[in-house]
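Asks: Residue numbers (this note's numbering), protein chains in the order written: chain A, -18 to 619; chain B, 98 to 349; chain C, 1143 to 1371.
Accuracy of the hints is not assured; some may be wrong.
Simulated pairs of lysine to any residue, SDA-like, Cα-Cα distance not exceeding 20 Å [to be verified]:
#1 A:Lys446 / A:Glu462
#2 B:Lys310 / C:Val1155
#3 A:Lys607 / A:Phe584
#4 A:Lys160 / B:Tyr125
Keep in mind the hints are simulated off the structure, nothing from the lab.
One-letter residues, chain by chain:
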Amino acid sequence: MILDGKCPTGPIEKSWDKHRFDLKLVNPANKRKYNIIVVGTGLAGGAAAASLGELGYNVQAFCYQDSPRRAHSIAAQGGINAAKNYPSDGDSILRLMYDTIKGGDFRAREADVWRLSQVSNNIIDQCVAQGVPFGRDYAGYLDNRSFGGAQVSRTFYSRGETGQQLLLGAYSALSRQIKLGSVKMYNRREMLDLVVVDGVARGITCRNLITGALESYAADAVCLCTGGYVNVFYLSTNAKGCSVTATWKAAKKGAFFANPCYTQIHPTCIPQAGEYQSKLTLMSESLRNDGRIWVPKKKEDVNKRPEQIPEEDRDYYLERKYPSFGNLAPRDISSRSAKEQCDEGRGVGPGGRGVYLDYADSIKRLSEKVICERYGNLFEMYERITDDNAYKTPMRIYPAPHYAMGGLWVDYNLMSNVPGLFVLGEANFSVHGANRLGASALMQGLSDGYFVIPYTIGGYLATVKPGGTNTDHAEFKKSAEDVNSTTNKLLNINGKKTVTEFHRDLGKIMWNNVGMARSKESLTEAIKQIPVLRDEFWKNLKVTGTGAELNQQLENAGRVADFLEFGELMARDSLHREESCGGHFRVEHQLPDGEAMRNDADFSYVGAWEFKGVGKEPELHKEPLKFETIHLAVRSYK
Amino acid sequence: MSEHKTMTLTLIVWRQKNANDPGKFETYTAKHITEHHSFLEMLDVVNEDLINTGKEPIVFDHDCREGICGMCSQVINGAPHGGQDRTTVCQLHMRKFKDGDTIYIEPWRARAFPIVKDLIVDRAALDTIIQAGGYTSCHTGGVPDGNTIMIPKPIAEEATDAAECIGCGACVAGCPNGAAMLFTGAKVSQLALLPQGRPEAAARVKNMTEAMKECGFGNCTNHYECQVACPKGVNVKFIARMNREFLKAQFA
Amino acid sequence: MQLLTSSIGRKIVMAITGQAMVLFAVVHLLGNSSIFGWLNGGINAYAEHLHSLPLPIIIAFRLVMLALVCIHIWFGIQLTIENRGGRPRQYAVKSVQKATFASENMIWTGCLLGLFLVYHLLHFTFQVTNPETAALQHLVPLHDQMVPNVLGMVVAGFSNFFVAFIYALALVVLFLHLSHGIQSFFQTMGWSCDKSQPIIVKLGTLVALVMFLGYVTIPLTIFAGILKG
């Protein structure tokens, strides 16, 4: 099937305005008759629930945490982009769009990216009005930072905790609506199924994580704002509870999963210290501005202390391989190079999975004081975790899975191919193409939530009768029964391996074969190994306790069960995409200098997969990508 | 990089099946723990052992494991988050402990935070306080350009200091009275400092402090234990500012 | 009225009534220090000066002080009971870093001060505990009139080890109560910031200490025989 993104036609500058005018409206008096479910309360979900509630819709919002304020958007450090052009350095909506399309390696829809760039300015105004304490200059105006992939200064920030402040802004707007009664908040609920009635999304089944009870909720539209799936690698910078479950359940009910192979691996994370490690911590990419990355030239030196290795025995591999960009090579290149060094046995630290990020030269050049002013908080965080003082000894860093560009397929209205199912934020595939630029995730979440869905959902709801289905419908009963039987199955396997062990095993398969550098062999291997592990999971899993209580083992088991199915899709998508672009790197397709080699002739499309059953080959649908405003070019940052 | 010596620790952990169970302490042994384990990873190891021996693992709240989501909530040897300066439990590492140590692990204890299970408490009361007024009543859209509101840098910085709060509830857990003054004071102050928050400042402080009382939080007696417990270093000056705002509101 | 019902309102009432009593205690100390002779006629002259004020003023003043004490005690007990329930179960290990013995025991130091106040009033104001030395019963000449012998009563009282000891002990309790109470007043009224707060804490303790030393000098010097009637 050829998918249609339903993008507006005509000049891109007018596309969103024209589309907004063309959308049908819901009469204000009728809005309260419509129920909308919002799953997830991060930037996208929180902003959507607050805005839709304010418009007058009846909103039911769900999150698995104990409060809507805790979604993982909160962990974003750097900032949020907007085309305000406050510094007057040549920025514009078009330039932000250009940078985003190019950064995404020409694998995103132009119209969506234009819209994102256009509303980016509204987001800043909105957040300021909410009382988000953005960084200010001494005149009292909003301050900007520079960020990767852009030659203008357009990133707004709040110290190193921009995500936190933006999320708390959305949370405060949501709290106001909860108080007003327009949003009903359901905390500690995990969505375990999408209810589809006659091909239309009509509600969800979720588990009350405190009591274990299964609950059904019906609505006229369902918005999934459930984030990304990189916990499929087990170790990632995501929160422990982040999972693919909500989107995967929707995929199993017919929603197409687009571009799952596009995953972003962040180069500057603190390496794994041991097998027991449960998560990886990211440190701001800005560290690479003054640090020099190296590994020992000789394998036998890897266990020496770094200061015992003389200058001539060190390999500053990024400076050597990419003399013009050096240590500031793009995220994917520096991540991949680190992996290569470690694969060759020259990695340092526990398990040989780490490279040095050395500040000795910068400290000599600039003084320890200057380095402390620039990176003091990061050095402190590094020391808290590793107990190493980075002023005295080089830091060790290693890449870690960080963000998922892929997600459920949506059209320009953010509606999936299942009518009534909308997907927002990281959970959809729409704007980042094959690679996301820094400070763009926050922008997308808030754009979708505050400024896109309030318009586009109206266009859909105006075409449906409110209150069309309630939870008495047979599909709701069936959904609850299915979830219940899966739960019971998980509880009754009584095997020998814990959920964590399975997740760790899956993570290893994914990381080694579907990680930073993928090949036909590795992907075929993954497609072979994952079903074997999945079978073992359903035969040998051990979950203690019951389903009628707070049971974290059971919660995790459900999530890992979904990862075990989804991981295979990710590998298949990676295998089918015979090109390298952005976060998807196939070793077979690279330029002599190691840069990704795109294949625009054959792969300039969105690959959206239709679920056909566990263990069955999914069906690929394509949405061709057209580039009319920004012309296809080889991505180069040299 | 120091050698991976392992430690053995005795854990005395609060176990409580559900809200109605009286609960009791149980003793466990944590083996093969290195100084690089985070505290939660140490508990992960203990839990894997428990599951493998057919016992119920210890249930605790956690999510981001990088000190920002505010989900983790354990009192370790009487100190919320373990007592290390500006550190949440998830960022506390085992190098702070010695081989052979005995560690008491308890949930937040406060009237307003009923225990849900083991180390998990219900912190809905904090949401209730925010819902009472922890926002500016602006609409989505229809707001002026961000730069039309100028905010002096020192004011913006102070508001950000207050906004650092992650809502974990350690201040309540650390307060002998179970008061939520630091939490509430931080939000009241953040919005009172900023021009955007001024129009509703009087109603906000009245409503939020009233919600605080209704939720069953205790009153402030200026022990300042909250400031010590706060993993984000939120200062008690924000309680003073809230008190000031409260007084002002009485005459507004 | 939120001041009388809310969490912060009642704290503010506690702070204001408490601080008013601190002010009284400061003036009381200055007046009592006349026992060391800086006022012509010493403490007897000071006492006479107070007694010669118009009766309505004296009564009104005493009623206000009584009200302050009652309000302070009433809210103190009410808030303490609420706060004790704030943490239904104590932690197995007690770990306290900023709270002090004084801050944790305000209710007890307050109760002791209340008891002491009763004794103090019975002893020196109503003069019923030791009628044999009651000043009102023993007039002495001052300038050109006969006035109650307050000095004699005080000296007689503090010459007794037991009485002097009770007073000294009460003053230690007063020191504890004020060392937390004075700085607490500024925090509760919102008159502190991160820079001033640690200074206020130190100054509060210093003022409490000065008051302790000032007051305790009277029974000490009398008991030691340095100050004689």
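Asks: If you check each hint against the structure, which ones fail?
Replies: Violated hints (numbers, rising): 1 and 4; every other hint is consistent with the structure.
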